[in-house]
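There are 2 protein chains.
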Amino acid sequence: MITNIPHFKKVLLTQGLKPTYQRLEILAYLEKYKIHPTAEMIYHALIRDIPTISKTTIYNTLNALIRKGIIHEITITGTETRYDYHGIPHHHFLCNQCGKIIDIDVECPYLAKKELGGHRIEELQGYFKGICKECLRSGHKAKV
Amino acid sequence: MITNIPHFKKVLLTQGLKPTYQRLEILAYLEKYKIHPTAEMIYHALIRDIPTISKTTIYNTLNALIRKGIIHEITITGTETRYDYHGIPHHHFLCNQCGKIIDIDVECPYLAKKELGGHRIEELQGYFKGICKECLRSGHKAKV
DNA sequence: GGTATGTTTGTAATCATTACAATTATGTTT
DNA sequence: AAACATAATTGTAATGATTACAAACATACC
Ligand SMILES: [Mn+2]
Ligand SMILES: [Mn+2]
Ligand SMILES: [Zn+2]
Ligand SMILES: [Zn+2]
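Read top to bottom, the protein sequences are chains B and Y.
Just so you know, the numbering used here puts 29 at position 20 of the first sequence, and the rest follows in order with no gaps.
Just so you know, the numbering used here puts 52 at position 43 of the second sequence, and the rest follows in order with no gaps.
Hints are supplied without guarantee of correctness; some may be wrong.
Note that identical chains are pooled: a pair holds if it fits in a single copy or bridges any two copies.
DSS-like, lysine-lysine: derived pairs with alpha carbons at most 30 Å apart [to be verified]:
1. Lys122 / Lys18
2. Lys123 / Lys142
3. Lys27 / Lys109
4. Lys122 / Lys64
5. Lys18 / Lys43
6. Lys142 / Lys64
7. Lys142 / Lys77
8. Lys142 / Lys19
9. Lys123 / Lys138
10. Lys122 / Lys43
11. Lys27 / Lys123
12. Lys18 / Lys142
13. Lys138 / Lys41
14. Lys142 / Lys41
15. Lys122 / Lys138
Keep in mind the hints are simulated off the structure, nothing from the lab.
Working from the sequences, and respecting the hints, build out all of it.
So this is what it looks like as structure tokens:
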């Protein structure tokens, strides 16, 4: 995998996490494939490079990265956790047809809010669901 | 349970669902206790009135009600589905401390949108997470 | 009463995730 | 470089939410 390993090493070390081979590969995967993968998807992708890697390590690492705020979890599907390595906060769109999860950069007036109705806001997730642009197009073609 | 059974009967019938005792009780529970309960919570509440009720019936009914658009599902916790019987669309807040899920009536400019970036929008979920008003207060008291 | 259809129920299966304990790797100290 | 303490990895078992399935039951219609 062609990636900026020194950079990921620094990211892990500054958060007090040891830059192990497994963690570096998981981070590299998340940075390269921004598809909001499941733990399962990461596992199947990495087992080629690291045949001994365990699914538990995937979960351990992802949970450690979340605790440190390096990645974020997305529960848009309701059936499994998706993982996102992407700096600035943004919303997401789930296509009910093809299952793709797409980043939505929306000028949400609440993304900056730290307080709402007396409650302290620490996190905001915006989930849109529907039919994506591509599926709309191919659905139209199918009808012709 | 003191509820408007005739009303729920009408709701079910107009959607082509038979108004069985179980379904009426589930709807009555959702309407009375607006706590966004889990299937488990509904099951434990109803088993007093209907000792023979099955957890499968709870899930069957909830899924039927969702398919008909009578109730909505909320996946804010990431670990289990919560169910909401509440007419108008609104956002939600999850307290990371006490676990409560609170309705948030926010003037979201995207709640009315049917299209976004070429994608067709059918649903929008807004999930805020943090510490609720009550927990903030008791946390403050505890420090004194 | 008989039949078709939809609903409920109990049990078993599935799937994502976590718990746990043994093994191994890592960074630091000698 | 060897020894040590600590943290990470691994495999397996357990958990928990949800669904699959088939039998029993209810309801309405002929
Ligand atoms: Mn994203
Ligand atoms: Mn609500
Ligand atoms: Zn699509
Ligand atoms: Zn609270």
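Non-conforming hints, listed in increasing numerical order: 1, 3, 4, 6, 8, 11, 12
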